[in-house]
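**Student:** Sequence:
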Amino acid sequence: MENQRAITLLNLVAGFAVALFVRSAAVGLVAYNPGMQDPTLGGVVSGSMVLAAMAGAATFAILHKHERAAAFTNSAVDELRKVTWPSRDDTTAQTTVVITAALGFGLLMFLYDFGWANLTKVVLYSGASS
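Numbering-wise, this note's numbering puts 81 at position 38 of the sequence shown, and it's gapless, one number per residue.
Certain hints may be false.
Pair ranges (Cβ atoms, derived) [unchecked claim]:
# : residue 1 : residue 2 : range
1 : T134      : L63       : 24 to 34 Å
2 : G86       : V56       : 42 to 52 Å
3 : S67       : D133      : 36 to 46 Å
4 : G86       : F59       : 19 to 29 Å
5 : V165      : P129      : 25 to 35 Å
6 : Y155      : M79       : 50 to 60 Å
7 : V166      : P129      : 33 to 43 Å
No lab work stands behind these hints, which were simulated from the structure alone.
Cβ atoms here follow ideal geometry from the backbone N, Cα and C, with glycine treated the same way.
Sequences are here, hints too, so could you generate the full structure?
**Tutor:** Dropping the structure here:
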């Protein structure tokens with residue numbers, strides 16, 4: 044695999060994401076169950092942190108050894124290398140078009156709203172004076 048560094052980095056990111064999820068779930072479980080406590084190991088590290096680290100390390104190890112996962116990540120990295128980004132001038136032109144269109148539609152909606160509000164006042168409340 045020619046993208047081994049990228050594959051390893053993405054596997055680390057996946058392991059870290061799993062660790063964050065497990066830690067968050069464990070802390071939430073402890074927080075919503077008043078009788079449950081998160082034990083500390085050696086007075087330094089909480090049990091949920093150890094569980095999260097183990098889950099993250101296991102995720103990294105499984106993904107790192109799994110051939111189909113490595114092949115998928117390799118093909119994804121290859122496809123990302125083929126992506127071409129727009130130039131600065133293209134980005135500026137397209138951004139200008141989007142901002143102009145948004146302001147134009149916003150002004151049009153304001154005019155419609157203003158017009159319909161005044162027309163409604165005239166039609167509904169014109170004969171209400173006593």
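**Student:** Quick one: are Y155 and M79 within 50 to 60 Å, going by C-beta?
**Tutor:** holds (57 Å)
**Student:** Taking the beta carbons of G86 and F59, is their distance inside 19 to 29 Å?
**Tutor:** holds (25 Å)
**Student:** Could one say that the CB atoms of T134 and L63 fall in the range 24 to 34 Å?
**Tutor:** holds (33 Å)
**Student:** Cβ-Cβ distance between V166 and P129: within 33 to 43 Å?
**Tutor:** Given range 33 to 43 Å: violated, Cβ gap about 50 Å.
**Student:** Is the distance from the Cβ of G86 to the Cβ of V56 consistent with 42 to 52 Å?
**Tutor:** Violated, since G86 and V56 (Cβ atoms, about 31 Å apart) do not stay within the stated range.
**Student:** For the pair S67 and D133, does the Cβ-Cβ distance stay inside 36 to 46 Å?
**Tutor:** holds (40 Å)
**Student:** Between V165 and P129, does the C-beta distance stay in 25 to 35 Å?
**Tutor:** violated (49 Å)
Hints 2, 5, 7 from the list above are not met by this structure, while the remaining hints are.
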